[in-house]
Amino acid sequence: MRNYIFRRLLYAIPTLIGISILVFAVTRLAPGDPVRLYTFGALNITEEDIQALRVHYGLNKSLPEQYVDWVTLAIQGDFGKSLQYNRPALPLLLERLPATLQLASVALVLQLSIGIPLGVVAALRRGTWIDNVIRVFAVIGHAVPTFWIGLLFIILFAVTLRWLPSQGLLTVGHDVWDIGDRIKHIVMPAFVLALAGIANYSRYLRTETLDVISQDYIRTAHAKGLRERRVVYVHALRNALIPMVTALGPLLAVLVGGSLVIEQVFTWPGIGQFTYAAARSKDYPVIMAGVMVSSTLLVVSYLLRDVAYAIVDPRIKVK
Amino acid sequence: MATVATAARPVEVGQRKVAAGLWEDAWYRLRRDRLTIGAAAVLVLFVLLSAGAPILAERVFDTTELSQDLLKTYQRPTLDPPKYLFGSDELGRSQVVRLFYGGQVSLFIGFVAALMNITIGVGLGLVAGYLRGPVDDVITWFVTTLNSVPILFLLVIFSALFAPSAFLLTVVIGVLFWTGVTNFVRGQTFALREREFITAARTVGATPGRIMTRHILPNVLPLIFVLMMIDVGTIILAESALSYLGLGVPPGTPSWGSMLTNAAAYIFKAPWLVVPPGAAIFLTVLCLYLIGDGLRDALDPRLKQG
Numbered sequence: 053m054r055n056y057i058f059r060r061l062l063y064a065i066p067t068l069i070g071i072s073i074l075v076f077a078v079t080r081l082a083p084g085d086p087v088r089l090y091t092f093g094a095l096n097i098t099e100e101d102i103q104a105l106r107v108h109y110g111l112n113k114s115l116p117e118q119y120v121d122w123v124t125l126a127i128q129g130d131f132g133k134s135l136q137y138n139r140p141a142l143p144l145l146l147e148r149l150p151a152t153l154q155l156a157s158v159a160l161v162l163q164l165s166i167g168i169p170l171g172v173v174a175a176l177r178r179g180t181w182i183d184n185v186i187r188v189f190a191v192i193g194h195a196v197p198t199f200w201i202g203l204l205f206i207i208l209f210a211v212t213l214r215w216l217p218s219q220g221l222l223t224v225g226h227d228v229w230d231i232g233d234r235i236k237h238i239v240m241p242a243f244v245l246a247l248a249g250i251a252n253y254s255r256y257l258r259t260e261t262l263d264v265i266s267q268d269y270i271r272t273a274h275a276k277g278l279r280e281r282r283v284v285y286v287h288a289l290r291n292a293l294i295p296m297v298t299a300l301g302p303l304l305a306v307l308v309g310g311s312l313v314i315e316q317v318f319t320w321p322g323i324g325q326f327t328y329a330a331a332r333s334k335d336y337p338v339i340m341a342g343v344m345v346s347s348t349l350l351v352v353s354y355l356l357r358d359v360a361y362a363i364v365d366p367r368i369k370v371k
Numbered sequence: 031m032a033t034v035a036t037a038a039r040p041v042e043v044g045q046r047k048v049a050a051g052l053w054e055d056a057w058y059r060l061r062r063d064r065l066t067i068g069a070a071a072v073l074v075l076f077v078l079l080s081a082g083a084p085i086l087a088e089r090v091f092d093t094t095e096l097s098q099d100l101l102k103t104y105q106r107p108t109l110d111p112p113k114y115l116f117g118s119d120e121l122g123r124s125q126v127v128r129l130f131y132g133g134q135v136s137l138f139i140g141f142v143a144a145l146m147n148i149t150i151g152v153g154l155g156l157v158a159g160y161l162r163g164p165v166d167d168v169i170t171w172f173v174t175t176l177n178s179v180p181i182l183f184l185l186v187i188f189s190a191l192f193a194p195s196a197f198l199l200t201v202v203i204g205v206l207f208w209t210g211v212t213n214f215v216r217g218q219t220f221a222l223r224e225r226e227f228i229t230a231a232r233t234v235g236a237t238p239g240r241i242m243t244r245h246i247l248p249n250v251l252p253l254i255f256v257l258m259m260i261d262v263g264t265i266i267l268a269e270s271a272l273s274y275l276g277l278g279v280p281p282g283t284p285s286w287g288s289m290l291t292n293a294a295a296y297i298f299k300a301p302w303l304v305v306p307p308g309a310a311i312f313l314t315v316l317c318l319y320l321i322g323d324g325l326r327d328a329l330d331p332r333l334k335q336g
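The listed protein sequences correspond, in order, to chains X and E.
Quick note, the working numbering runs 52 ahead of the 1-based positions in the first sequence.
Quick note, the working numbering runs 30 ahead of the 1-based positions in the second sequence.
Any given hint might turn out to be false.
As the list claims (entries may be wrong) - Take a look, some chain X residues computed to stay more than 12 angstroms from chain E by CB distance:
| id | residue |
| --- | --- |
| 1 | VAL107 |
| 2 | ASP121 |
| 3 | ILE168 |
| 4 | HIS194 |
| 5 | PRO197 |
| 6 | LYS236 |
| 7 | THR272 |
| 8 | TYR285 |
| 9 | MET340 |
To be verified - Derived CB-CB ranges, DEER-like:
| id | chain 1 | residue 1 | chain 2 | residue 2 | range |
| --- | --- | --- | --- | --- | --- |
| 10 | X | ILE97 | E | SER195 | 45 to 51 angstroms |
| 11 | X | ASP230 | E | PHE197 | 48 to 54 angstroms |
| 12 | E | LEU251 | X | PRO169 | 34 to 40 angstroms |
| 13 | E | ARG244 | X | PRO143 | 56 to 62 angstroms |
| 14 | X | ASP268 | E | SER195 | 58 to 64 angstroms |
| 15 | E | ILE67 | X | LEU111 | 41 to 47 angstroms |
Unchecked claim - Just some of the chain E residues that point at chain X, by a computed CB distance under 7 angstroms:
| id | residue |
| --- | --- |
| 16 | PHE76 |
| 17 | ILE169 |
| 18 | THR174 |
| 19 | PHE214 |
| 20 | GLN218 |
| 21 | PHE220 |
| 22 | ALA271 |
Since the hints were made in silico from the structure, they are not lab data.
Each residue gets a CB set at the ideal place from its N, CA and C atoms; glycine is no exception.
Can you build the whole structure from these sequences, using the hints too?
This is the structure:
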């Protein structure tokens, strides 16, 4: 097992290199000169000053050289100072990481705890109206734009019914440890973020469960007189869940990527919102750190997924 | 004698040609799938309404895409006059007309970018799956890398820094969303290249290029259409999210996503503005997914769920 984890870690390195090249290329090939952008409007600046600044920031070197310079520093956690906040970019982002992780993990828990039972119930009640409702819900949950559902929820629960707050982590001025207040704030964004996953899981698990319950060992379990509940939850669900671990991959991507829009809709102060704001004001160091941090988050969650898969299914080896 | 003939008839009526090909077979099943046909009809209607937006605006709604009426802002939805069918926004613009124009953007980007994705995805998938070795390693590296970046982050940054035109945006989406197709085609090619008919083709001296395009491609093509429908849906969702963030097509062009940005800004004043653009995105994507599902069942009934 240790060997597997180690080799899987090695495979993450080329991926991270690829991501860094991509991020570097997108930001460096963009039109517009960051030095001119940030000296724009400065009165007593001469052409020599601009050239000096360019040399100072290493912008006069060739692109591959600039890339190596950037990566060398980035590995050590130095993405440069934010042009807006005049503080190192990485700590700025890491301060906002807990909010994003909170949102994503609550959403993940919701996905699993709603999606899995729905899928099992649909499979067991196959062909009935319950099954049909769940299947229709699964298709709808997949096709609906999440930010739109977010807006509709705000209209319904925040504007009309006034049950839930429409934005932020917690009520301003409240105690930071007021858990009730925090739960109220996280319910809507987490559920909206989880929606696609709930749909996906219920659909996936329905197919898997149907597949498993038609197998011989389930008939054997029935034949030896086990109660239905035990057959389903102990014998069938265990095997139906194994392929679900692979399905986690795209869903994690949805959680990280989707958080950008959802954080915007619900004014959630996470890395998605921060990177978005940085992109709008062309704050290059923060943009680059933002994509690297969110991608690393994704690479790490893929890694955890693969390790989890290797644990539940010992046949798996690194190819 | 006559009784025998009439007895035999009903059987013949229900029967179809014995040696129907894959596509006739699929079409036979598809025609009987009411849900898929309905979804296709709705999608075609949306395409027609979007394409006919200028004519509809002039003839039916008696207004244009840009005409404002500052005395008639935040009109509630009404049938009188018809141009306020879905109400009006903060500039008194007809929402229904803007909705049709917005459809042009979403549908164009969706279908054109998906076509690019499919082309790239199928090409790379075939090459990776058939040639294997270092070529496969490089392509797999591309796929893993792209899959490990939250694509929406990348799109947001690209749009913010490059301020792309609608066409450039389409191209960028077209070169970013192909990894799923490649994975699928690569997997299929892996399996197909070991089959006897490929060995036979190789024995008679067919070049790798010919084997890939003439022998492997036709076998994966049917399901590519399914993937394409789902792909178009995914792209429309991504584009609308991007437009919602104010980073999609350049401002001025109405798109479903940017109409929602507007609606969100006036959510307390005019909550009804939120419904039509979102419903349009949702219905379009829903129809595309349903068509995708229906196509898959029609092309390969063994995969049918339920």
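Identify every previously stated hint that the structure contradicts and give their numbers, smallest first.
4, 5, 9, 10, 15, 16, 17, 19, 20, 21
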